[in-house]
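*Asks:* In order, the protein sequences belong to chains A and B. When you read off a place in the first sequence, starting at 1, and then add 27, the result is the number in my numbering. When you read off a place in the second sequence, starting at 1, and then add 27, the result is the number in my numbering.
FYI, nobody ran anything at the bench for these hints, they're computed from the structure.
Reference listing, derived: stretches of chain A covered by chain B, where coverage requires no fewer than 3 residues with Cβ under 8 Å from a Cβ of chain B:
(1) 44 to 53
(2) 69 to 82
(3) 341 to 350
For clarity, every value in this text was computed on a predicted model and none was experimentally measured. Don't be surprised by glycine CBs; every beta carbon is placed ideally from N, CA and C.
Read off the chains here:
There are 2 protein chains.
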Amino acid sequence: MNIDMIRAANTRLEGHVRRTPLLNSSFLDDIAGRRVWVKPECLQHTGSFKFRGGWSALSALDDETRARGVIAFSSGNHAQGVALAAKLHGVPAVIVMPSDSPKLKIDNTRAYGAEVVLYDRATESREEIGADLSKARGLTLIKPFDEPQVIAGQGTCGLEIAAQAAAQGIEKADVLVCCGGGGLTSGIALALEADAPGLRVRPVEPEGFDDVARSLRSGRIEQNPRTSGNICDAIISRQPGDITFPIMQRLVGPALLISEDEALQAMGHAFNRLKVVAEPGGAAALAAALFRKDQIEGENVIVTLSGGNVDPDMFARALGTLA
Amino acid sequence: MNIDMIRAANTRLEGHVRRTPLLNSSFLDDIAGRRVWVKPECLQHTGSFKFRGGWSALSALDDETRARGVIAFSSGNHAQGVALAAKLHGVPAVIVMPSDSPKLKIDNTRAYGAEVVLYDRATESREEIGADLSKARGLTLIKPFDEPQVIAGQGTCGLEIAAQAAAQGIEKADVLVCCGGGGLTSGIALALEADAPGLRVRPVEPEGFDDVARSLRSGRIEQNPRTSGNICDAIISRQPGDITFPIMQRLVGPALLISEDEALQAMGHAFNRLKVVAEPGGAAALAAALFRKDQIEGENVIVTLSGGNVDPDMFARALGTLA
Numbered sequence: 028m029n030i031d032m033i034r035a036a037n038t039r040l041e042g043h044v045r046r047t048p049l050l051n052s053s054f055l056d057d058i059a060g061r062r063v064w065v066k067p068e069c070l071q072h073t074g075s076f077k078f079r080g081g082w083s084a085l086s087a088l089d090d091e092t093r094a095r096g097v098i099a100f101s102s103g104n105h106a107q108g109v110a111l112a113a114k115l116h117g118v119p120a121v122i123v124m125p126s127d128s129p130k131l132k133i134d135n136t137r138a139y140g141a142e143v144v145l146y147d148r149a150t151e152s153r154e155e156i157g158a159d160l161s162k163a164r165g166l167t168l169i170k171p172f173d174e175p176q177v178i179a180g181q182g183t184c185g186l187e188i189a190a191q192a193a194a195q196g197i198e199k200a201d202v203l204v205c206c207g208g209g210g211l212t213s214g215i216a217l218a219l220e221a222d223a224p225g226l227r228v229r230p231v232e233p234e235g236f237d238d239v240a241r242s243l244r245s246g247r248i249e250q251n252p253r254t255s256g257n258i259c260d261a262i263i264s265r266q267p268g269d270i271t272f273p274i275m276q277r278l279v280g281p282a283l284l285i286s287e288d289e290a291l292q293a294m295g296h297a298f299n300r301l302k303v304v305a306e307p308g309g310a311a312a313l314a315a316a317l318f319r320k321d322q323i324e325g326e327n328v329i330v331t332l333s334g335g336n337v338d339p340d341m342f343a344r345a346l347g348t349l350a
Numbered sequence: 028m029n030i031d032m033i034r035a036a037n038t039r040l041e042g043h044v045r046r047t048p049l050l051n052s053s054f055l056d057d058i059a060g061r062r063v064w065v066k067p068e069c070l071q072h073t074g075s076f077k078f079r080g081g082w083s084a085l086s087a088l089d090d091e092t093r094a095r096g097v098i099a100f101s102s103g104n105h106a107q108g109v110a111l112a113a114k115l116h117g118v119p120a121v122i123v124m125p126s127d128s129p130k131l132k133i134d135n136t137r138a139y140g141a142e143v144v145l146y147d148r149a150t151e152s153r154e155e156i157g158a159d160l161s162k163a164r165g166l167t168l169i170k171p172f173d174e175p176q177v178i179a180g181q182g183t184c185g186l187e188i189a190a191q192a193a194a195q196g197i198e199k200a201d202v203l204v205c206c207g208g209g210g211l212t213s214g215i216a217l218a219l220e221a222d223a224p225g226l227r228v229r230p231v232e233p234e235g236f237d238d239v240a241r242s243l244r245s246g247r248i249e250q251n252p253r254t255s256g257n258i259c260d261a262i263i264s265r266q267p268g269d270i271t272f273p274i275m276q277r278l279v280g281p282a283l284l285i286s287e288d289e290a291l292q293a294m295g296h297a298f299n300r301l302k303v304v305a306e307p308g309g310a311a312a313l314a315a316a317l318f319r320k321d322q323i324e325g326e327n328v329i330v331t332l333s334g335g336n337v338d339p340d341m342f343a344r345a346l347g348t349l350a
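Next comes chain A alone, as it looks inside the complex:
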């Protein structure tokens, strides 16, 4: 896993990925006590950065392998990213989802052209179902984060941040990244190491789901005791990956933690001041910039707003924080 893979992914993504802008607002600066720069990956295809990794992984396969199709386990942003990337490559995608997934997520994944295979969480193993399908149909598994070509794809977001920061004259800043398994975090960290060494990545996690924060402190991979029960579900994984963790260990600064209420407030500010839609997990880094400012250094802070796939009810809760 290295910067050359990210640059190669960037070439493959050209003309397919959306190059997202870098947004700012003096109102957010006032809250944060420094200039805040927001990379809105909610504007990416499928509403999250995951399309970058999906496209990167699909486009890295040889033609014959890719033609047989791909498979992913996910009910969330990774599913949609892989599904659309497969559709645009004209190859089959199978997404294995729990049968109790929200209907809208199932419908959306199907609308992106994927075959959805449902399984019963209580009685069936998604790994077994996936292994059987892969074997029978020759599908390639696209893991959500611990996969070099996925990390390379997410890292293209870091290349853009490096160029956009340079255009704003920002040479030194913390770059806060919404962090689950560490695919986006490690990809951006590698990109910045190469192109903007004065920018330092810092993972942001929900309180109580701080596996990366603890892993960075202890120096070994730590697990979350649970992986559900927080509105920032999009950035909660069991543990950092075997590939992503060593990269994070080498390159990133201390993690920051935010509360659910802070995530909702950050969603409200993103609505009000940037006019973009953030999901709770996607607003985590902005929340840290706005509400944990004593833990951040420098005159500028850059944050990823990693996704915007949120249902209207949850968004209404975020609007309620503005009253």
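Take the given structure of chain A and dock chain B to it, following the hints.
*Replies:* This is chain B only, laid out in the frame that chain A set:
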């Protein structure tokens, strides 16, 4: 008023305006029955395209005139666009607003550095107040739409649309523009005439406030009987301008009309599928693309999403249309 003024404005805006992307979603395409391309000017500084015209007008003044400051009558997007443009130029801005304007709008305009002068709609004339202030302090009036340098600024949005359409291989399409007094509409029309003659502008208005539609049909400037009482307030003016109307008459196709409910639904779709925040008037063109498709020609349609300055309560109404 000509294309050279738009190109000159574009040069002056470089590095100051936000170059907004062109967004799309297969889900919107399915509703519209053709490919839909959205120019999200809600992502522009101050949350609407009005910053373009404000910057263009301010930057076109000679140094001495500009240093004395500018004045505008507006409680809306134009006020914020002028206020921020003046702040960034380091010159005073006076915004004359009705004393019953929402507190948030007054606060925001002040936060952009402007001096807000309130007047009583019932007993005072804003024109008199403005004339007195202009005379006493040498302020230059920046009109909201019927002013060549303002039109030139809004036209820069059209230059971007022309380039972005070409990049997508779109040579022929209707370009639906949310239309009040016609500043954005006529500016884009002039830009497209020069850079993308296969693209045809079509104004979009709220039902019952169809002054431009009627003016285009009759060949002379028609008025709206009233200028309030519709949620699309941002795009309601008394009548098209003396400068904007002849340009529209020469260059644009028939206007389209949309209902308030269609505007709210379009806001919901913009939230759900593009992850951007639209105000009702800003969603008018998208509403026409989605719900008045029989009146549109071609395989592609381009729409401006002209602003996103909407309060949480109104946005919650739009979210309600998704249920």
